[in-house]
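Visitor: Sequence:
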Amino acid sequence: MGGTILLFLAQSAVGERPQAVRVGNNTSSSITLSTGAPQGCVLSPLLFTLLTHDCTTTYITNHMVKFADDTTLVGLITKDDETHYRKEVDLLTTWCRDNNLLLNAHPATTASASPGYTQTKLDLQPPLSSKRKNDITQGIVDFIAQDMRPISVVEGKGFKHLLNILEPAYTAPARQTVMHALTAKYDGIKEKVLELIQHSEALNLTTDMWTSLRMESYMTVTAHVIDGDWKQQTLVLEAHTGENIATRLSEVADAFGIPGAKRVSVVCDNAANMALCMETLKESDEWPDVQGVRCVGHFKKGHKAKAGLKQKQEQQNVIKH
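Heads up: the sequence shown is residues -15 to -1, 1 to 306, going by mature numbering (1 follows the signal peptide of the UniProt record, and there is no 0).
Mixed in with the good hints there might be a few duds.
[To be verified] As a list, the in silico BS3-like pairs of lysine-lysine whose alpha-carbon atoms are at most 30 Å apart: (1) K289 x K267; (2) K116 x K175; (3) K177 x K72; (4) K175 x K72; (5) K145 x K170; (6) K175 x K118; (7) K145 x K216; (8) K177 x K142.
Rather than coming from a laboratory, the hints here were simulated on the basis of the structure. Just so you know, these numbers come straight off a predicted model, no measurement behind them.
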């Protein structure tokens, strides 16, 4: 049989073929497939034989039994010498990789069939679909964003080992890929936040500052609004290094389109720099009606103070500290 005829048969049976599903008198719409051999096709066994004809054993002490979705390799081990058998497994693994066939999480499951014989079963599976890859990548991005994990987690050996157990055909994304995905996620969420702020009548801003272990100063700005369903929404607008607090607060409010009339209050701690910040904001035309609200101090002592705080937390149904 000539090569041209073989190519014609393969392309006709596998490439660009319409396929539909029929149940009783009902037939689905058809889609065009370009991979895989159709079930029940008389050419499928012939094509399988032709396409795997070069997948053979190299050593006479080994024997291979081929099926459509799994392959069994049997080898004769003499005097505990597994050299030829192990090389055969490596050659089969290479052949699968070169032909776009991926092995499962345990590529070689070895068992002793009888004294002197060893059998290895290799379960093959097709490559991951683009949708499955994207779903896993998006799941990793959500995990990093929601749990506030460092982006470098995708480079960790333990994380990659976990992915290999869960989905061996998936490769952990590069840090740059995660960065782009996080940026896109941020832009999408920011649009929703902007819409919620624009539809609110007023909002309260909370700000706090802290110093990292590297002695870097940071400031977080959080907005609290009541939505159309009368539910409180807490939105972290930005976490940024704080050099000039009042200026940065104004920049964040402007970036999210919060007009001066809606800037009703700012909750902050009792530090001297925050007191100066409130004085600066009240003198600004952009914050005409703002009220500075000092947050409650840390309760380390005092039964009465603790009881009062607990009562307020119960009334507002918030987490107790």
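Visitor: Check whether the Cα positions of K177 and K72 lie no farther apart than 30 Å.
Guide: Outside the cut-off at roughly 57 Å; violated.
Visitor: K177 and K142: Cα distance at most 30 Å?
Guide: violated (36 Å)
Visitor: Within 30 Å, alpha carbon to alpha carbon, are K289 and K267?
Guide: violated (34 Å)
Visitor: Compare the distance between the alpha carbons of K175 and K118 with 30 Å, and conclude whether the hinted pair is satisfied.
Guide: Satisfied, since the Cα-Cα distance of roughly 25 Å is no more than 30 Å.
Visitor: Is it true that the CA of K145 sits at most 30 Å from the CA of K216?
Guide: violated (40 Å)
Visitor: Can the restraint linking K145 and K170 be considered satisfied, given a maximum Cα separation of 30 Å?
Guide: holds (23 Å)
Visitor: Going straight from one Cα to the other, do K175 and K72 come out at no more than 30 Å?
Guide: violated (55 Å)
Visitor: CA of K116 to CA of K175, is that 30 Å or under?
Guide: Between K116 and K175 the Cα gap is close to 25 Å, so the pair holds against 30 Å.
The structure fails to meet hints 1, 3, 4, 7 and 8 from the earlier list, while all remaining hints are met.
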